[in-house]
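Enquirer: Kindly produce the complete structure, drawing on both the sequences and the hints.
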Amino acid sequence: MKLQSLKKQNHELANINNQITQLESVVKRIDSDRFSEKLTGIDLFPLKPTIIDIFQINMGKMCNQVCAHCHVDAGPDRKEIMTKETLQQCLDAIERSQIKTVDLTGGAPEMNPNFRWFVEEAYKLGCKVMVRCNLTIIVANKKYYDLPEFYKKHEVEVVSSLPFYNAKKTDSQRGDGVFERSIRALQMLNEVGYGKEGTGLILNLVYNPSGAFMPPEQEGLQRQFKRKLKADFDIEFNELFAITNIPISRFLDFLVASGNFDDYMTRLVEAFNPMAAKGVMCRNTISIGWDGYLFDCDFNQMLDLKVAVKESLHVKDFNKELLEGRNIIVNEHCYGCTAGSGSSCGGETA
Amino acid sequence: MKTYYNPDDLKKFGKIGEFQEELADKFFDYYGEVFKEGALTAREKSLIALAVSHAIQCPYCIDAYTKDTLEKGCAEDEMMEAVHVAGAIKGGATLVHGVQMMNKVNDLSM
Chain U
2 MKLQSLKKQN HELANINNQI TQLESVVKRI DSDRFSEKLT GIDLFPLKPT IIDIFQINMG
62 KMCNQVCAHC HVDAGPDRKE IMTKETLQQC LDAIERSQIK TVDLTGGAPE MNPNFRWFVE
122 EAYKLGCKVM VRCNLTIIVA NKKYYDLPEF YKKHEVEVVS SLPFYNAKKT DSQRGDGVFE
182 RSIRALQMLN EVGYGKEGTG LILNLVYNPS GAFMPPEQEG LQRQFKRKLK ADFDIEFNEL
242 FAITNIPISR FLDFLVASGN FDDYMTRLVE AFNPMAAKGV MCRNTISIGW DGYLFDCDFN
302 QMLDLKVAVK ESLHVKDFNK ELLEGRNIIV NEHCYGCTAG SGSSCGGETA
Chain G
255 MKTYYNPDDL KKFGKIGEFQ EELADKFFDY YGEVFKEGAL TAREKSLIAL AVSHAIQCPY
315 CIDAYTKDTL EKGCAEDEMM EAVHVAGAIK GGATLVHGVQ MMNKVNDLSM
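So the protein sequences, as listed, match chains U and G. Quick note, the first sequence lines up with residues 2 to 351 if you use my numbering. Quick note, the second sequence lines up with residues 255 to 364 if you use my numbering.
No lab work stands behind these hints: they were computed from the structure.
Here are the computed distance ranges between Cβ atoms for each label pair: (1) Glu330(G) with Glu237(U): 23 to 33 Å; (2) Val350(G) with Lys9(U): 57 to 67 Å; (3) Ala351(U) with Phe281(G): 25 to 35 Å.
Idealized CB from N, CA, C, for every residue including glycine.
Expert: Structure (structure tokens):
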């Protein structure tokens, strides 16, 4: 059966308060410290930013895929899209604050009608632009076939999810036929030079577990992916980021429905790593929601936990100095970023 | 319903030290050392452990090393091939005793 977003299903977890209640009650059930107490124990609470050097924009929740684990609850039925006005406010904030890395995510960011305009403008400002491309968008429609050339022209760094090097695991998480289409898109990216040595065109892949377990050690998995993708499909890429599934939204729904929630949270809590906590991405990233509101990370965004700076709640009021002095909002889902070798949009953190 | 095996007991494995701490500590230290990356990778060791778990038919070990092999990035076909290795050795061990049976038949027969 084709998956639908939680919102479309009128699922109880589409209500964010129910997600937070689930997270708070599981921590009590498994008799764990709250995440804030864990941070207190290592003198890291309240959690403070180091320096904001990544501007991560969620360009909208619309996506051509409906992945079983999606923390955004994205899909074709989601109509929340960042407007050109808000995108312009983002550009103004980037220019004012001299932030040099812009990380575009979604949904499928390419489905935002102003995506290409925005990338061109950010590129003109001298930013390194990263796109979290789901791969299948490249082959979804003729109008996207030239995306690899467009990325190349603007030296965009492409970061793409591929949960495994076979169809079974990939399709179980991302939908039927996604693996085959992803492979075609990766070959198209390789054809213009992405992932090839000496081109400077970066193609990084993201692994996340296809179930209620932790990711493998990143370096060994990268070797495995490189060997298999080269041998089976003649595909090359630069780095593999291994990330942990965060227990919110659709992945939380899976955990609860499959009876794995308590064990998964126990696993995350037991694997709490102080070094990973020091390196969490919310310390150097600011996340901008489709409607321009600011968050500590994409996960807090999905739980509507806005930054704790009332003078700079929205990108039109972006104030880097104030934001760098803020207390980062934490909750029990944060255990996902601090388990084992840590997890961030750039993979391991410890 | 009461059963001899309870999945929750796996989480209590560490508690065997409550009755004999010194030997438990030695065992768990040894266990930890065995599974570290060495001449064999931690991934290879996990697949061996999965195969052995099936050979000794330990449900706790099967649960633990199914999860562990997944967390080491193993694919389902690799995991099942490991189980077949266990099956082949167990089957072979049974069948090779057929030679002993044949020898005995020869001894006893005219």
